[in-house]
Each structure stands twice: as C-alpha cells, then as structure tokens.
Amino acid sequence: MLSIPCPWCGDRDETEFRYGGEAEVAYPADPDAVDDPAWREYLFVRANPKGWFKERWVHTAGCRQWFTVHRHTVTYEIRDPQPIGEGAR
Amino acid sequence: MTTALDRRRSPLAVVSDRLAATGSADTVTFAERPFRVQLEVRAGAMLRPGVLDDALGLHPPAEVGTVARRRERHVLCLAPSWWLVTDEPEREPRLECALAELVRTAGGIDVSAVDVSAQRTTIDVAGPSARDVLAHGCSLDLHPSAFTVDSCAQTTLAKAQVVLQQLDDAPTYRVHVRASFADYLAHWLLDAATEYVH
Numbered sequence: 001m002l003s004i005p006c007p008w009c010g011d012r013d014e015t016e017f018r019y020g021g022e023a024e025v026a027y028p029a030d031p032d033a034v035d036d037p038a039w040r041e042y043l044f045v046r047a048n049p050k051g052w053f054k055e056r057w058v059h060t061a062g063c064r065q066w067f068t069v070h071r072h073t074v075t076y077e078i079r080d081p082q083p084i085g086e087g088a089r
Numbered sequence: 090m091t092t093a094l095d096r097r098r099s100p101l102a103v104v105s106d107r108l109a110a111t112g113s114a115d116t117v118t119f120a121e122r123p124f125r126v127q128l129e130v131r132a133g134a135m136l137r138p139g140v141l142d143d144a145l146g147l148h149p150p151a152e153v154g155t156v157a158r159r160r161e162r163h164v165l166c167l168a169p170s171w172w173l174v175t176d177e178p179e180r181e182p183r184l185e186c187a188l189a190e191l192v193r194t195a196g197g198i199d200v201s202a203v204d205v206s207a208q209r210t211t212i213d214v215a216g217p218s219a220r221d222v223l224a225h226g227c228s229l230d231l232h233p234s235a236f237t238v239d240s241c242a243q244t245t246l247a248k249a250q251v252v253l254q255q256l257d258d259a260p261t262y263r264v265h266v267r268a269s270f271a272d273y274l275a276h277w278l279l280d281a282a283t284e285y286v287h
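Residue numbers (our numbering), protein chains in the order written: chain A, 1 to 89; chain B, 90 to 287.
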C-alpha cells in the first residue's frame, strides 16, 4: 500500500485517498472556440510517463482537501506534496 | 413536560450498558458521551480576526490536527479554515445561537456555522490498553511521540470514518463516529478489547 503525504495531515494510508488523475490539465480558455479533436484531447488524453508524473489526490477520509504530488510510476516513490491553487487555503 | 429532547435516543443506546460494563481502569474502559453539541465552523481569511474567538470563547487552533479546549468546549481543527466545535449537551442551543449571531454580524461573508450534533456520537476509550485496542483497526501512529494530548485526526477506525482526539495521558481517546456507523464500531471495539479485558 502507498503511504501518501497529505500536506496537512502527514503520511496516511492510500485507502484514505481518492485519485484525481493528472494535475494541471488546464480548462480551455475559450470553450466555444474548441473543436471536437481538441475537446477529445482535453477530456481523454493524458500523459502516461514511465517515471515522474504529477498527479492529484484528495484526502477523502481525512481533511478532504485536494493536493498534488509527484509520483514515480515505476518505483512508486512520492515527493513534493503541494496544496493546489485557489480554494486550497 | 416531556419534550423532544427527553425522547431522543442515542444511536448507541442499545450497547451503552455493555460498553460501560466492559473492562476496568487497569485495562481499558469505554464510555458513551451521547448528545454532545457539535458544530462545524468554516471561516476564511476575509473574516476579521478575533470575531471567531469572541463567539467561541476561545481561540480556534490554526494547525490541522490540533485541539483548543476550555472546560468541556473543544475546538478541533479538521482542515484549513475548518473546525469541529464540541461541547457538553445543552438544553438550549446557546453555542449555536452565538455562532449564528457571528455569521449575521459578519454578513455571512466567508464564514459558516452548522449544527451537526446529530451526525456523530461520541465514545471515550480510556486506560493503559486503549492505544492497543484502537491500533487493531487504525493505521495512525498513536505513540505519544506522534499523537499526544490535544492531537486530533480525521481517519478511519475499523474502516469507519471517525474523528479521533486524545484527551489526556491515561490515555483517553475520544472517538467521534457517524451515527450510522456507531453500532458497528461499538461492537467492533468490544470485540477488539476481548484479549485485554479477560
């Protein structure tokens, strides 16, 4: 089981968290101007690196805050937990 | 006159006698603390500092996982800008009124206070074996070097979501558990305590 460092609660078991996918996928600035291939790209296409991956987690059984971490997809090493931008006070 | 308050039943009413009769002071004891007042307070940076202190009668801790106490009033910091305020059972909603007044004064900006007393009930687990009993179902490190008096945490105990709080060095732990999980958790605690109370 992963031990995930919540920025507020410290190291907790993976079972207390939900996964939120790749971090920092920006919502289109002008959604009306986006064509179908670009929407497909935005909605479904994600990086799938063999190595470090920046991803989002939410501490559902704890403080219920979203945050980002860097996770190594081969070694499962996790580092650099960060609160995410607005709303994360 | 019989009021609605007299007729209410704790979700642990059916097991509270068994909880109270299990164990001893030199092993582990359980005590239900039903009907405690509980309020969830959220207040952001836009709220004038000190307003919350006046309404609560004490300063809410800023660090997640810590507790401020005055007598029976406990203020647990659950997350950034989010507190659980608990107090002894009261017949008139004084604390709730005080906080409602605060929300009104603040114009409702960046602050909310919600009575959640019926959401959770409370079990105190105390004694030298209390830590071992909880450790059967809780992955938190409860050793005094990591979790001490006036520490609190939202976590899972036997897969039930709880707010865990340490009251004193006995050690006494206070478990706030959702009403719908209370019966299950009480029976789990009695089961987990078996090896320590015989």
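Any given hint could be a false lead.
[Claimed, not checked] Derived coverage of chain B by chain A (criterion: at least 3 residues anywhere in the stretch with Cβ under 8 Å from a Cβ of chain A; other residues may be distant):
| no. | segment |
| --- | --- |
| 1 | 178–188 |
| 2 | 244–256 |
[To be verified] A short list of chain B residues far from chain A (calculated; beta carbon distances all over 10 Å):
| no. | residue |
| --- | --- |
| 3 | R96 |
| 4 | R107 |
| 5 | A120 |
| 6 | P138 |
| 7 | V140 |
| 8 | D142 |
| 9 | V153 |
| 10 | G154 |
| 11 | S201 |
| 12 | A224 |
| 13 | G226 |
| 14 | S228 |
| 15 | L229 |
| 16 | T237 |
| 17 | F270 |
| 18 | H287 |
[Stated by the list, open to error] Here's a subset of chain B near chain A, in silico, CB distances under 10 Å, partners left out:
| no. | residue |
| --- | --- |
| 19 | P149 |
| 20 | W171 |
| 21 | D230 |
| 22 | D239 |
Hint data in this document are derived by calculation from the structure and do not stem from the laboratory.
In this text, a Cβ means the ideal position worked out from N, Cα and C, and glycines have one as well.
Hint check:
no.	hint	verdict
1	178–188	violated (count 0)
2	244–256	holds (count 3)
3	R96	33 Å, holds
4	R107	27 Å, holds
5	A120	25 Å, holds
6	P138	14 Å, holds
7	V140	17 Å, holds
8	D142	19 Å, holds
9	V153	4 Å, violated
10	G154	6 Å, violated
11	S201	14 Å, holds
12	A224	13 Å, holds
13	G226	12 Å, holds
14	S228	5 Å, violated
15	L229	8 Å, violated
16	T237	14 Å, holds
17	F270	12 Å, holds
18	H287	30 Å, holds
19	P149	14 Å, violated
20	W171	8 Å, holds
21	D230	9 Å, holds
22	D239	16 Å, violated
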